[in-house]
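K.L.:
Sequence:
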Amino acid sequence: MINQKTTLRRILPVLFLFLSVLASCSDDLDSDVLPDEEIEEVDDSVFEPTDWTVDTHSNDADPDFDEVFEDNSVKRLDIVITPTRWASMLADMKSLYGTFGTRNGGSFSDENPIFVPAEVFYEGKEWYRVGVRFKGNSSLQNTWQSGNLKLSFKLDFDEFEDDYPQIKNQRFYGFKKLSLKNNYNDRSMLREKVAADIFRNVGLASSHTAIYEVYVDHGDGPVYFGVYTVVEEVDDTVIDTQFSDNDGNLYKPDGNGASFSSGSFSEADFVKETNEDDADWSDIQSLFAILHDGSRTIDPAAWRSNLEKVFDTDTFLKYLATNTVIQNWDTYGRMTHNYFLYNNPDNNLLTWIPWDNNEALQEGNMQGSLNLDFSDLSTASWPLIGYLYADGNYRAIYDSYVEEVANGAFEATAMQNLYTSYGALVSPYATKEIAGHTFLNNSSDFQSAINQLKTHATSRATAVKSYLD
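Residue numbers (my numbering): 9 to 477.
None of these hints come from the bench; they were simulated from the model. Note that beta-carbon positions come from the ideal geometry of N, C-alpha and C, so glycine has one too. Keep in mind that a hint or two might mislead.
Straight-line Cα separation of at most 25 Å, BS3-like style, residue types lysine-lysine; simulated pairs [said to hold, decoys possible]:
hint : residue 1 : residue 2
1    : LYS133    : LYS185
2    : LYS317    : LYS440
3    : LYS440    : LYS473
4    : LYS184    : LYS280
Listed next, with one range per pair, are the computed distances between beta-carbon atoms [what the hints assert, rightly or not]:
hint : residue 1 : residue 2 : range
5    : GLY416    : THR463    : 46 to 56 Å
6    : THR58     : ASP171    : 12 to 22 Å
7    : SER154    : GLU56     : 39 to 49 Å
8    : GLU169    : LYS317    : 36 to 46 Å
9    : ASP63     : PRO230    : 19 to 29 Å
10   : ALA287    : ASP354    : 22 to 32 Å
11   : ALA287    : GLU119    : 33 to 43 Å
12   : ASN112    : ASP255    : 27 to 37 Å
13   : ASN356    : THR249    : 18 to 28 Å
14   : GLY400    : THR470    : 25 to 35 Å
15   : GLY376    : ASP170    : 41 to 51 Å
16   : PRO308    : PRO173    : 17 to 27 Å
17   : SER270    : GLY444    : 41 to 51 Å
18   : PRO173    : GLY227    : 44 to 54 Å
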């Protein structure tokens, strides 16, 4: 059943919009974005899911990765939202981030935008009353406040099964959830996909991804929202299919404690995505305690042995080498977010899972991506990197992975060819994006961004050779 808090979250945006209309609000959001509709939703609870099949809609089917995450095509996804529900989504965004198209600064919202029921169409089939909401953090706020409606979406195919029993356990070819990333700050529209594929190609648990063109009909027919990257959700099929057991604790860290600096642990900074009702963070606390134990300098062998009883150091070092070779500033080492930790029941080790790679494959913003030797890293602020790299044994493993990545999954010539292939595939869809739903200033921006990726691959090969020599 839907609790009172959820009910209020759905009602308040509509009430907000109603009051705005009564007050004849004339700001940009109401005049340019919100549809002029009555604040009343028809009862749509009576329907027959005529397109439902076991393979396409039920939770009895295994995830069909070949169908949903095809590499060599750009597929189309249509989302249909009633005008009233679309208005409630936009009003909710206004309550979270201010007037559309107005940069008013401030901190990011702690609340997620609301879900509304919508219809999803793909390859001539309909998925019914799918939960749809906007998603993101800085990318969501910045896109909204810049007056761009190319916002990221999250789809949950049985979010509203309590309201619509016809969709109980509805899936999209075996997937309960999907993220539709808007490729924020990425005019190539390839960084999210390519980086995630590289992580998987080196043997790390990482989301599958695919390029889609997305249309949204919120009352006046389909509007081209542009090129999106569809991303597999970690708390859905990543831990279901890339680990042999999905019963472990999955954390999505964010906040000061997610730096693992001494004394920074806070339960609030390690949000549980599984086992939410089990108020036990002992695995994370054990990692904090061992990481900062004095044996690190007195008896490094004992320190490594104890650390490896709670933390998958080999996976982390492989991730760290991959992330640093390809460059990715918007994650651990610069930012206290954009990774998951999964306590793998097979070995009871906390295992690193990368997430949110749209800022990868470039030097980046803020302080920029970390140097291969971490000479620009504050060890006290980022001890998982600093302490392990300072240890001779772990540094040797890291160095071997740096060489492996540069000669394998991120080999420069192979990357040049990959960018050429993907650029040709995506170009027709990228260059037809429309004003108000794009990050491109003109059609040449896309090809320029592809060329920058090619240059980056060559420069990283040179950087790795210099580091290893």
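K.L.:
Give a verdict on every hint.
P.N.:
To see whether the hints hold, each was checked on the structure:
1. Among the hinted pairs, LYS133 with LYS185 is consistent with the structure: their alpha-carbon atoms are about 17 Å apart, no more than 25 Å.
2. A distance of roughly 52 Å separates the Cα atoms of LYS317 and LYS440; the hinted pair therefore is violated under the 25 Å criterion.
3. Among the hinted pairs, LYS440 with LYS473 is inconsistent with the structure: their alpha-carbon atoms are about 40 Å apart, more than 25 Å.
4. With a C-alpha separation of about 18 Å, the suggested pair LYS184 and LYS280 falls inside the 25 Å cut-off, and the hint holds.
5. Between GLY416 and THR463, the C-beta spacing of about 20 Å breaks the proposed range 46 to 56 Å.
6. Between THR58 and ASP171 the CB atoms are about 19 Å apart, so this pair conforms to the stated range of 12 to 22 Å.
7. In this structure the supplied range 39 to 49 Å holds for SER154 paired with GLU56, their Cβ-Cβ distance being about 42 Å.
8. One distance hint, 36 to 46 Å for the beta-carbon pair GLU169 and LYS317, holds here, with the actual separation near 41 Å.
9. Here the CB-CB span from ASP63 to PRO230 is close to 26 Å, well matched to the stated 19 to 29 Å.
10. Range check, ALA287 to ASP354: about 24 Å between beta-carbon atoms, so the 22 to 32 Å window is met.
11. Distance hint check for ALA287 and GLU119: the Cβ-Cβ separation is about 22 Å, which falls outside the suggested range of 33 to 43 Å.
12. A C-beta distance of roughly 44 Å is found between ASN112 and ASP255, which places it outside the suggested range of 27 to 37 Å.
13. At roughly 20 Å, the beta carbons of ASN356 and THR249 sit within the given window of 18 to 28 Å.
14. Taking 25 to 35 Å as the suggested C-beta distance range, the pair GLY400 and THR470 conforms, at roughly 26 Å.
15. For GLY376 paired with ASP170, a C-beta distance near 47 Å keeps the hint of 41 to 51 Å intact.
16. Between PRO308 and PRO173 the beta carbon distance is about 59 Å. The supplied range of 17 to 27 Å is therefore violated.
17. The hint said 41 to 51 Å for the Cβ distance between SER270 and GLY444, and at roughly 47 Å that hint holds.
18. Between PRO173 and GLY227 the C-beta distance comes to about 27 Å, which lies outside the given range of 44 to 54 Å.
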